[in-house]
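Student: Given next are the chains, with one letter for each unit.
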Amino acid sequence: MKASEFYNSLKIDKSIAEKLNFNPYYINLNSGISGIVRIGQEYYYDLASNNYLGLSSDKRIIEVMQESLFKYGTSMCGTPIATGYLDKLNELEKRLASFIGLQDAIIFPSCYQANTGVFSSMASKDDLILVDHYAHSSLLQGIRSAGCKIKPFLHNNMNHLIKNLEKSSHFRKKFIVTESVFSTEGTIAPMDEISNICKHYDAIPVLDDSHGIGVIGKTGRGILEKQNILNFEGIYTASLGKALANIGGVIAGNSNLIDNLRYSCGNFIYSTAIPPVMICGLLKTIEILENEFTFLNLRLLNNKQKIINTLTSRGFKLHNGEAPIISIKCGSAENTIYSARQFFENRMLTTPFIPPSIPQNQGVLRLIPGAGLKENDITEIVKAINKIQALK
Amino acid sequence: MLCLEKIEKTENILNIEEKIISIIQENLEEKHPVTLESDLRNDLTIDSFGTIMILNSLEDEFGITIDEHDFKDIVKVNDVINHIKSKINESQ
Ligand SMILES: Cc1ncc(COP(=O)(O)O)c(C=O)c1O
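Here the protein sequences line up with chains C and L, keeping their order. So for the first sequence, the numbering used here puts the first residue at 1; every next one is plus one. So for the second sequence, the numbering used here puts the first residue at 1001; every next one is plus one.
There may be inaccurate statements among the hints.
What the hints assert, rightly or not - Partial selection, computed: residues in chain C whose CB lies under 8 Å from chain L:
#1 His133
#2 Leu140
#3 Pro152
#4 Leu154
#5 His155
#6 Met158
#7 Thr312
#8 Arg314
#9 Lys317
#10 His319
#11 Pro356
#12 Asn361
These are calculated hints, taken from the structure and not from any lab test. Ideal placement from N, C-alpha and C gives every residue a C-beta, glycine not left out.
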């Protein structure tokens, strides 16, 4: 193939964005996110980020991070196995493990990296991974890289999962992979039931709690707390870049599992450790979360309810997930981008999901009304939504 | 005798078609009418992991192995049926 032909073949189809004169992806922000963001010279309400608790602009965390920058510098310039394993990283691992309620934890530069790395350390040719059909791309990619048999099951459908398990007794190891909160629709997996199914069929649960940690459960500890799952015998992963307003991905679980990953998981061993400044910030974030979750969560849930009421009265069709995620059903990719444009024109930044992230014609516009949005912000958002007409 | 064999064969073919359509139906997230002309991606909104789900069920049902890559060019339900029929013939 000629180089020109090769590069032509890489061209992304942006015809919808061109037709609508609006591309909702890679919008240039020129501010941080504190409920409001700046784009060009204009201000927009942030309903797009995963800043569930509004902690990304918390002064107490910023102060700790400033201090740690002076103390430790910008980076450890090494992988954890070499110079990257700061004592504070070890402290953070212990702190997160106890926050989640599991034996031990390990922290990757991102949850994407954790999810793509964990399966090839755990599963191989003679094993089986059963995975929820709508699991996150990082999980699917990780599963594919393990080289074992893959059996997807219908989304949150326990009968379909069991039907698949019944035909799978000949596999050596079996893993059942799912997310706690499915972030496009806000639905929550029946993890308690999955845990029991795993025990019954001798399978290991693998759970991605990225949109659960710091978001659900009485004190924000995620799905295990919410569904009262004691003695979870599985592999737990979560992003630290959402409610925890930082960066990194945690894997938590049995101490042998975590130690094994420290010595077997290439995605961890060969990648520069997260910088001290982020580690120290996360330690402070967890402290705040432990003290203030109830209050922040109340605001998050109130925000969600007010916006849902307004959207419903404007004729929008919503997925009715339990998590603090609002998911508007938009149908085609074009309608989804059109809806995102309508919100944008009314000073609201949202997240449109179109294929291949989701199946054809099941486009979704996602709104996360984080606790960083105060009462007067929500009043303004409600006014703005009242100017928008739902597509028929 | 010859005539009976022919009828049996036609019945088998019909059964395979019905079986494949019902397998596809059982593996859809949302109910859609499934016909021979249904387009897997556009009409039935089947994505790549949805395809693997269907392949697994087809393998279990017909005792064959199907390579996911062979399925890349398949567009309609009818293409699935033809592919499975030729796989069954190969394995006999
Ligand atoms: C369910 C889920 N898992 C994993 C990730 C990846 O996390 P990170 O941003 O830490 O790489 C995301 C983020 O988009 C997610 O939503």
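Student: Quick one, is the Asn361 of chain C hint okay against chain L at 8 Å, beta carbons?
Tutor: This interface hint holds because 6 Å falls under the 8 Å limit.
Student: Min Cβ distance, Lys317 of chain C to chain L: is it shorter than 8 Å?
Tutor: violated, 14 Å
Student: Is the hint on Pro356 of chain C kept, meaning its closest Cβ partner in chain L is under 8 Å away?
Tutor: Nearest chain L Cβ about 7 Å off; hint holds.
Student: At a threshold of 8 Å, is the proposed contact between His133 of chain C and chain L supported by beta-carbon distances?
Tutor: holds, 5 Å
Student: Do the numbers back the hint for Arg314 of chain C, that is, is its least Cβ distance to chain L under 8 Å?
Tutor: violated, 25 Å
Student: Can Met158 of chain C be said to touch chain L, with a Cβ gap under 8 Å?
Tutor: Since chain L brings no Cβ nearer than about 15 Å to Met158 of chain C, farther than 8 Å, the hint is violated.
Student: Do the numbers back the hint for Leu154 of chain C, that is, is its least Cβ distance to chain L under 8 Å?
Tutor: holds, 6 Å
Student: Against chain L, run the beta carbon of His319 of chain C and see if the smallest gap drops under 8 Å.
Tutor: violated, 12 Å
Student: With 8 Å as the cut and Cβ atoms as the points, is His155 of chain C at the interface with chain L?
Tutor: Given a least distance of 6 Å, the restraint on His155 of chain C holds.
Student: Hint Pro152 of chain C vs chain L: min CB-CB distance below 8 Å?
Tutor: At about 4 Å, which falls below the 8 Å cut-off, the nearest Cβ of chain L leaves the hint on Pro152 of chain C intact, so it holds.
Student: Closer than 8 Å between Cβ atoms is the bar; does Thr312 of chain C clear it against chain L? Give me holds or violated.
Tutor: Where the cut-off is 8 Å and the nearest Cβ of chain L is about 22 Å from Thr312 of chain C, the hint is violated.
Student: Going by Cβ atoms only, is Leu140 of chain C closer than 8 Å to chain L?
Tutor: OK, holds: Leu140 of chain C within 8 Å of chain L, min 6 Å.
Consistency note: the structure conflicts with the earlier hints numbered 6, 7, 8, 9, 10.
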